[in-house]
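> Single-letter residue listing:
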Amino acid sequence: MLAIFIMFATVVQVNADVVLEIADEPQSNGFPQWSPDGERIIYYALAGENNIWNTNIKIMDSNGKNQSEIAPGKHLGPFFIVFGFSQDKNIWSPDGNKIIYSSTFGLNIGSKSIPLRTNFGIMNIDGTGKQKLKGTSSAESCKWVQNGTKIFMVDRSNKLWLINPDGTNKVLLTQGEKNDSQFLWQPRGNKIIYISKKAGNSDIWIMNSNGSEKKQLTFTNGNENNMDWSFDGSQIVYSYRDSVDKTNYENYLNLSETIRIMDSNGKNKKQLTTANRNWDTHPQWSPDGTKITFQRMDVGTPYNIALINSDGSNLTILTENKTSDILPQWSPKEDKIAFTSSKDENMFVSVITLDDEWKSAPAKDVVSVPTASQEKVEKASGFTGVLVAITFSIAFVLQKKKTN
Amino acid sequence: MGGGYPSNLQITLLSPTSPVSNYAGESRTFKTSVNMDNPIVRWKLDGVLVQEHIPHEGMDLPANTELSYTTTASFGIHELKIEAEKNDVLVSKSWTWNVDEVVGGGGSPSPTVTANAVIDIDNATLHRKADGSYYVEIEWSYLVCEGYRNEDNTYGILGSEVNLEFIVTWQVITYPGDPTPISATKEIQLTNQCLAEGTETINLPEEFMNSSTTVTINLSTVCRVLKQFVLNIPVEVSLTASASVSCDIN
Numbered sequence: 001m002l003a004i005f006i007m008f009a010t011v012v013q014v015n016a017d018v019v020l021e022i023a024d025e026p027q028s029n030g031f032p033q034w035s036p037d038g039e040r041i042i043y044y045a046l047a048g049e050n051n052i053w054n055t056n057i058k059i060m061d062s063n064g065k066n067q068s069e070i071a072p073g074k075h076l077g078p079f080f081i082v083f084g085f086s087q088d089k090n091i092w093s094p095d096g097n098k099i100i101y102s103s104t105f106g107l108n109i110g111s112k113s114i115p116l117r118t119n120f121g122i123m124n125i126d127g128t129g130k131q132k133l134k135g136t137s138s139a140e141s142c143k144w145v146q147n148g149t150k151i152f153m154v155d156r157s158n159k160l161w162l163i164n165p166d167g168t169n170k171v172l173l174t175q176g177e178k179n180d181s182q183f184l185w186q187p188r189g190n191k192i193i194y195i196s197k198k199a200g201n202s203d204i205w206i207m208n209s210n211g212s213e214k215k216q217l218t219f220t221n222g223n224e225n226n227m228d229w230s231f232d233g234s235q236i237v238y239s240y241r242d243s244v245d246k247t248n249y250e251n252y253l254n255l256s257e258t259i260r261i262m263d264s265n266g267k268n269k270k271q272l273t274t275a276n277r278n279w280d281t282h283p284q285w286s287p288d289g290t291k292i293t294f295q296r297m298d299v300g301t302p303y304n305i306a307l308i309n310s311d312g313s314n315l316t317i318l319t320e321n322k323t324s325d326i327l328p329q330w331s332p333k334e335d336k337i338a339f340t341s342s343k344d345e346n347m348f349v350s351v352i353t354l355d356d357e358w359k360s361a362p363a364k365d366v367v368s369v370p371t372a373s374q375e376k377v378e379k380a381s382g383f384t385g386v387l388v389a390i391t392f393s394i395a396f397v398l399q400k401k402k403t404n
Numbered sequence: 405m406g407g408g409y410p411s412n413l414q415i416t417l418l419s420p421t422s423p424v425s426n427y428a429g430e431s432r433t434f435k436t437s438v439n440m441d442n443p444i445v446r447w448k449l450d451g452v453l454v455q456e457h458i459p460h461e462g463m464d465l466p467a468n469t470e471l472s473y474t475t476t477a478s479f480g481i482h483e484l485k486i487e488a489e490k491n492d493v494l495v496s497k498s499w500t501w502n503v504d505e506v507v508g509g510g511g512s513p514s515p516t517v518t519a520n521a522v523i524d525i526d527n528a529t530l531h532r533k534a535d536g537s538y539y540v541e542i543e544w545s546y547l548v549c550e551g552y553r554n555e556d557n558t559y560g561i562l563g564s565e566v567n568l569e570f571i572v573t574w575q576v577i578t579y580p581g582d583p584t585p586i587s588a589t590k591e592i593q594l595t596n597q598c599l600a601e602g603t604e605t606i607n608l609p610e611e612f613m614n615s616s617t618t619v620t621i622n623l624s625t626v627c628r629v630l631k632q633f634v635l636n637i638p639v640e641v642s643l644t645a646s647a648s649v650s651c652d653i654n
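Residue numbers (my numbering), protein chains in the order written: chain E, 1 to 404; chain F, 405 to 654.
With the rest of the complex left out, here is chain F (with noise of 0.2 Å):
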């Protein structure tokens, strides 16, 4: 950060924040700025010069122009630095860039669709970091307590409390024709939300290998439904349900 003489020289990293994550493969652009005229603007990616702004006559740099440099995402921990050089003054900034890779991917096939429960795996991504962890991101969706909502004598639901459960299970081969399913688990819990999707990442151990690997889904619910109990008297009764929904990461 920084370098040469004391000097009002300034650079700003425009976007984005530091540090950056990509997975490899992907497209990003960089943005910068610096705060004097037609400076010698340098980008160095691992310390190899990969674009440079040299201000000709005619071809002004004013002060605070937006700079930016666009590339593509290769697998690994990045440097990417910004030097600004004017009157023998050089100053510099730098991103991180981490860039992870993508493993395998998977999504569930059908799952079954059951009155009150219905969980589905939009999208599973097995990723490596550049320091050779593994990570599983999960994109699920779910629907409960549609069957209850819709019996007869119901008033309404009042809400649910859903627990999922995200179970990536893979092999390790200890002694030839031996394999010991290993799994790594993560838990959250939904309250009121009948209707809901979202994205879990999992972390996995060290001794993750990419082996017959496996996400799965549980969901459990209680549904707290309004019926009535007999003509005109409601009572609030909790139901349950579960689904089950699996992929494989190929």
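So that you can see chain E by itself, here it is in the shape it has in the complex (with noise of 0.2 Å):
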């Protein structure tokens, strides 16, 4: 049913049940991200708390080629700077040449790793031109949206802004509540789903891009969480979790977590997956809309990769295997699906190259959006970020004359 390898440096054929897998021994990878035209990963070397200056950005070709580093983490006496990008779709420019990432520098005090500051930056796709993006130093995500004509910002006092790609026409959008979270921005629209805990659980509610006409979207009792548009903009697919009675231990060891769906309005609401104390989550769609992709753990198991059609029928287990695989990424090339997997302690970056049964035919191309109604233009806060960074500068001067 699968093509199957396995990589150490090179591809092995194996008798396995998956799959693609890079193994850089003894670092870890992981986090996989598809490329617009599903030609290539980006990827992290994962490193530990200890050494977090050895987190790498890498980027490899669809098949585990051409692996290269784009941006690694740095340790300079004692101070370190770390390159990232946010597990999320919309990291890549539309284009595929660009990716936003976010850099933060920090200072080790013995084993400690303390992270002292994050901004934003977009840097072509071998890691050369990094460029920091202007009044981002207060950001919790950067994304492109407008078919990457802006990047959507929200910073930490959950304010959501657009900003030009060049840094320039910092808008400010909306306010979040304090206790919104995962502000994802629609394909093809200008609508922006997010999660709120109002109505006291974890609901999904949608707004226009300038925070009018907030609609809840979901009203169970229980919790919503890890929501993917559909790449059309049209449907929310979404993991539904019981509230935990932790009271009760027949009730908590019997906790499912399953996949719904439901269209952007609201209507339509489909629960996929049934619960039989099965853990399903992270769902993605695929390019096309008719399957979905998503992590499942049952009584027993490790977490394995699933599909299913996005009627609910024909679920399959892709990855049923001792590895614990996570966090499935649809390749927009609709033939592959990346995941995290771990085995033996450490993780690595698998491909599942899917039969014809299960490839998802290709997205439609994206078309051009308006540009959101524009309500407030800001000046970047930017003077304590300034101040800090000199702070630290003059800091690390002197730590190097302490050295020499």
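If you are wondering where the hints come from, they were derived from the structure by calculation, not from laboratory data.
In silico DMTMM-like cross-links for lysine to aspartate or glutamate, where the CA-CA straight-line distance does not exceed 25 Å:
1. K143(E) / D556(F)
2. K343(E) / E555(F)
3. K322(E) / E569(F)
4. K333(E) / D88(E)
5. K246(E) / D556(F)
6. K485(F) / E430(F)
7. K631(F) / E345(E)
Derived contacts from chain E toward chain F, CB cut-off under 7 Å, selection only:
8. I52
9. T55
10. T118
11. Y252
Heads up, the beta-carbon is just placed ideally off N, CA and C, and yes, glycines get one too.
Combine both chains into one complex, guided by the hints.
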């Protein structure tokens, strides 16, 4: 059913249930993100808390070849800088030539690594041309939206902004509430879905990008989470978990999490997977919207990558093995799913090549969308950040002098 | 096995496979067939005739007809023998049937639920074999890492290492008023199963006395969690949790 490979520097055929597996031992790697054309993957080479500066952003072809570092972390005396990318869609520019990255500057004290300041920026996919995005020192996330013409930024105070990719024209869209989270911009549209705890548990809400017409889409007593827009922006897939009653151990032991879908207006809700003590999470649409991949844990099994048709039929476990397989990402090129697998205390980027039964048709071309209505323009608040940067630049110079 | 003269007369024990295990009081059906028409078939339990098939005129017993005998299990080690006789030829086959008895049982009262580890004894049963030895069967279920999974800044659970220690304790009266607790233990490890259930059997030593018998399960786990070290930067961390549950065997 599946093309099966394992790669340790070269591709080797093995008798396993999966996969193309990238192993840069002894360093773990994971968190694959597809390029818009499905030809390349960026991923992390991961480090530990004690040597976080060894974290590295890497890129490879979808067959695992041509691996290269594009943003290695650095360790300079007591300081470090480490680069990251969001575990989310829309970090690649739609033309596939650039990615949005974050850079975190920090300080090592003993075995502790203390992050001090994070900025976002844009770089070429070969790691060159790193350019900081102005006004992102307070950002929680930055993603390409509106066909690559804008950057959608959410800051730590839950303010939502639009910025030009060159850092100009920073526009405040709206202010989210304190416990709102997971803001996701609609593909081919200007709606934003997000999680709100306003009703006492996690529900999915939707609003216009200017913050108007907030509307609650789910009304359950449980918790909705892990949302993903369909590629055409017409549907939403998410996971649903019953509220936990910790005074009732049978209720707790029988806890389930299931996959559900609905239209973007909250109608036509459908539960795709049944609740049978399984944990089904992190769903992702296929490019054509006919299928969904997700991670599933059953009683007595590790996490596996699963597939189901969007009408709830044909549930299939793709990776029934002893590794723990999580965070699936469907290739925009329709025939592959990348994910992070874990075995023997190491993590690996893995890729499943789907057979014809499971291939998705490609997504239709993304069309340009109108610019979001702009309410208020604010200057990027950079003074405090600049002061901190200057302070640590001085500290760094002093430290260098001491070591000399 | 077999008897009489060399012959083509043959018995097939269809089910169950010998030796057979049951607990006292359970119902058990044995099935057999004989390869020739109209044999006399006798069922003998521990040498005592308990059922007989004798072909009569108009009541043929065709070859390979499935014949069965159902009875209630009684404590002990038994032999159920089938004899088939035809044309003065007698053959036989036997099942060995081990019937243990249930001495006592229990299940845990509601265990304490903590965010990252909960263990439950669904059922614990003390059994005695016909040879006088004892064993405990423990049905258990657990859930771990759930709290870590739902913490902010968690990308996901990579896996878990779970150690389960099963302890059966009882008291031996060495002197009046001086009970000594004694225990039998067993450990198992499970990898990458955050949610699991199973049954464990612990054989008890000869000195076991069914006095104040208690079953305890200690669970300890290391959850491998992918967390956000700082914005966008994932790290793998190992987080521990533990839980314990006990029940009395009555």
